[in-house]
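Student: From first to last, the protein sequence lines stand for chains A and B. Note that my numbering has the first sequence beginning at 1, numbered continuously upward. Note that my numbering has the second sequence beginning at 1, numbered continuously upward.
In short, the hints are calculated from the structure, not lab data. Be a bit skeptical, because a hint or two may be false.
Think about it this way: if two alpha-carbon atoms lie no more than 30 Å apart in a straight line, the pair counts; the simulated BS3-like pairs of lysine-lysine are [claimed, not checked]:
#, chain 1, residue 1, chain 2, residue 2
1, B, K164, A, K162
2, A, K266, A, K251
3, A, K162, B, K63
Computed from a prediction, not measured in an experiment: that's the story for all the values here.
These are the residues of each chain, in order.
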Amino acid sequence: MSKTLFDKLWDSHVVKTFDNGPSVFYIDRHYIHEVTSPQAFQGLEEKGLKVFRPEQIIATADHNVPTLNQDQPIKDPLSANQVSMLTENCAKHGIKYYPLGSEYQGIVHVIGPEMGFTLPGMTIVCGDSHTSTHGAFGCIAFGIGTSQVEQVLASQCLMLSKPKTMRINVNGTLKAGVLSKDVILHIIAKLGTGGATGHFVEYAGSTFEAMSMEERMTVCNMSIEMGARGGLVAPDQTTFDYIAATPYGPKGEDFDKSVEYWKTLKSDDNAPFDKEIHIDASDIEPMITYGTNPGMGINIFQAVPTDEQDQELKKSLNYMGLEPGESLLGKQVDYVFIGSCTNSRIEDLRIAAEYVKGKQKADHVTCWIVPGSKQVEKQAMEEGLDTIFQNAGIRMRQPGCSACLAMNEDKIPEGKLCVSTSNRNFEGRQGQGARTILASPLTAIAAAVHGKIWTADEAIARNQSSVESLSS
Amino acid sequence: MEKINQIKSSGIPLPIEHIDTDQIIPARFLKSTSKEGFGENLFRDWRYNNAELNTDFVLNDPKFKGSILVAGHNFGCGSSREHAAWAIHDYGFRAVVSSEFADIFKGNAMNNGLLPIEVSTDYLQALTTAIYNNPETQIEIDLQSQTIAFEGEVYNFEIDGFKKQCLLDGKVEFDYLVEMHDAIEAYENNRSF
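Chain B on its own, in the form it takes in the complex (with noise of 0.2 Å):
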């Protein structure tokens, strides 16, 4: 996986809460067998109207442009298809903003170099207000130091430690796993039940 660290880019506005990965990525586009290529129908049946390109949805909108998605609360609930994280992604975000991620998605998505940056309500109507003001507002983020900043507010999110660190190495939770092999074998010997 690609190392992450820090990400600057202006953002796009997508206000709407409990966005479910059915919307993300509908379930009639789930047949494939590899993971690439799902960026294509990313948040499909709102970007268009059966065939027909939506001029209203904000991914259509060439005012907005940017690799991090500025979403409502909530993100990501429902199906644990990691085929949404894999669309967000390929469509060319690195980072979803929002004041809550559901908890299978904030998973698959750190396993895909997807950030999940959690930050208050208040910062989240902030930055989404300023973005609608000013669509090329710059918006700043640093994994390392865990801060999210634009026109000069500034936000310390909260990541888990160790996913952190992972992020920042280009690594995954996989390679520690596939050396644990004796670790794991040693419980299995010792279980009492």
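Just chain A, with the same shape it has in the complex (with noise of 0.2 Å):
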């Protein structure tokens, strides 16, 4: 019988199959950070018990981590003891871990893939709902909560029932200004933030296939966003050069073997999926968000929807500070926020530094620049991204989640606006009544340049029109 790729991995790391019950489901890969692994340690201690495969974990600090002034003892109490608490965690279970101010730390999302951990074919968990990101591998990547990350830290297995499977087939050329950030929050605006609840996406199409890995790694990062368990992209020539690149991925006759058995990694022919979605790349211009969750999306020329029925439209808008029928373009901003797990990579920071060369950034409009591990920060620094940032009135902070969630000292304040490169709009999540914009890096730091809501010159030509008609 012909398989989807979600099918042939979910296969092979089947332990065992409970009677009408769920899988004893094997994990090859557990990421951990500071924020929601303790109480997991806390709950194996208390059981006397050990953790069960401590080689398959990688540890970084990164949700609650200043981006100022890393060499510095964490100044807040709390979030110190979360990274102590860490860092003796993983000492004393022997757990390879990346703490503030080593030469890998980062965004967990973005030190893995970026060291050669996630590798095709894999199962990788994490306490953190962009654990989708890594599917952009091949794999099967999902995030799980503190009671999950005990049970791998105890067994490397989860129990589960399979989700159902959905592929999103995306097709042809994107145009010019349009990022892979556009392209996912467009599929997400179609489906809706529920869209994909239950179900294991596998992406698929000419468009995808021409992204890089970071492009891919975007899009699978925003699975969540439409409820998906998780998100994948079969590996190819473009997976196998970004591994062999990378410091800790296989080598030599390794890395050969292993390229043998990736390239089996894909959907059959005729492979049945429950849900089938097909989407022309010709169709999808810059989009922005709205409202209050990732759903509430449009393109950066469309106008804020109007239904007077809609009460949950009504409670966003009026949260958002923003009315029926408003156009956003040419809309003031205060705050731009280019980072997090979705959008902080090397890609992510040239496509920003390219806009902003020569240019300044607007007076009023505050922008954060946080890359998403070190390993970046030094490929920005050894490229002169930094300096370039710097001319234009912006600095480079250090690597960490920062303003996505704000559990740092990274807030939006009440009421303002912000332009972010982050993968969540809801209410209060940039800081206590916050209001986010999300979008790519492209029209995030379009609008820092000129100070409101703005996106790629060739976008804005293409849509002459329409940007004539909302400014009318």
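Take each chain as given, in its own frame, and dock them per the hints.
Tutor: What follows is the structure, encoded as structure tokens:
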């Protein structure tokens, strides 16, 4: 019988299936961080148990760390305590840990792939919903709760029921100024914030095939924002080349043997999916969100929807301080955040730098650029991107999750409008009362320069008639 | 974990769709390293306008009481933080009723003795209306027979059979997994890739 890639990976990781019940599902790679792991370690200790496979775990501190002066002690005592507990737990259980200050520290979903710890065919979990990022390598990767973190620490397994499958096909060439972030925001706007609940997604078609690994990670990262358990892309030469350049990926004969196996990781022709969706790449324009969930998205040249019956829309617009039918293009912004596990990799920073080179940030805008990892930061400095930002009046900060969830001091103040490359525009997500507009790094940097919601020159030129009618 | 079978209580209506876990427990309260005490900050930014009690919010309305939260579609979407399930349970809820739950939240809830009861859109609406009409409306949930009932309106809900047995027995998945190390090791040794 023809199988989907998801089915193949699922079947090869089932240790045992209970009659009419869940499967005991084996996990190859477990990433942990400071916020969702302490209670799991505590649980193990209370039961007198050891970590079952410490060598399959990678730890870093990212969610709750400052993005300035990382060489100094963390000021917030609660944050400092969480980070020191992670340090202690890793030392006690023999877990590889990349602490603040180490050369590979960074956002867990950025460092795993860049070091070569995420490889095709793996099953990967982390106590973080954006673990779906790693699906870009052809993995079953998904976020779990802390009870499940404890289960994986104790047994390297989870008890799972198999989700349904969905394939999202996007074919064609993206228009100039349209990035992978716009593709996923377009998909989520089409499906809605719960449109893929209960499903595991495969992204297929020429548009994804043409994407770099970093672009694919941006897409897979936001699978959870439409409720999907995860999302994956079948590995190909782009994947193999990326892994060949990583410090800890397989080398030499090992690499060649791995590639042989990785080449088998694709859905069979005619493999049945529970749901299938087709999108034409040429229909996609730069996207922004207007509401308080990632499904509330429009292309930047459209107006905010009007539906007087829709209570959710009303509540969202009230929070955002927006009117039904309002055009957002040209609306003044206060903050711009370029960072997060969605868009903080070197290609994202290059896009921002290329746009801002020789230009100035608008005076009234506060712009934070937060690289995803120490490696991204180092690369950006080697390429002189930090100097380009500095000349434009923008300071590049140090790696961490930062204003994506505002657990540290990087908070957007109440009532302020922020164009953000992160993944969630929920009420209060970037700080109490903060108003978030999700967008690509290109749209975000354009907003920083123009001081208003704006996007790539090519997209503006292409939609000149809409731009004129919006401003009239 | 406590065994659960029957819950009988009035309900608290919160008919908002897509309630995400950032609303249930905002990220700035995730700095604790224990599982206790999160109920204090449940729906913090809806319950309070900064430091002041928001008297318009249903949890601050003395009319509505009980251990069953009756919420809108796609409850618990967003972040995987189990702190959301801990907060709801710690506040005193033992069940959440909705027409759909986000996958990670649903799993987290069941791992903490909090029942996610999935009902049809029509049933959810009828239940919500009944509570608004009479806040004393008694809701009866019976896990063994997989039924929820109010004012004679009975609904048979679906729940994973294995999870149901865990909840009835007061067991958690963890208890099964730690007994399986031999099978897991055998799997590791027999992998062909």
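Student: Are the Cα positions of K266 of chain A and K251 of chain A separated by 30 Å at most?
Tutor: Between K266 of chain A and K251 of chain A the Cα gap is close to 23 Å, so the pair holds against 30 Å.
Student: Given the hinted pair K162 of chain A and K63 of chain B, is their alpha-carbon gap at most 30 Å?
Tutor: 42 Å, violated
Student: Need the status of pair K164 of chain B, K162 of chain A: alpha-carbon distance at most 30 Å?
Tutor: 17 Å, holds
The structure does not agree with numbered hint 3 stated previously, though it agrees with all others.
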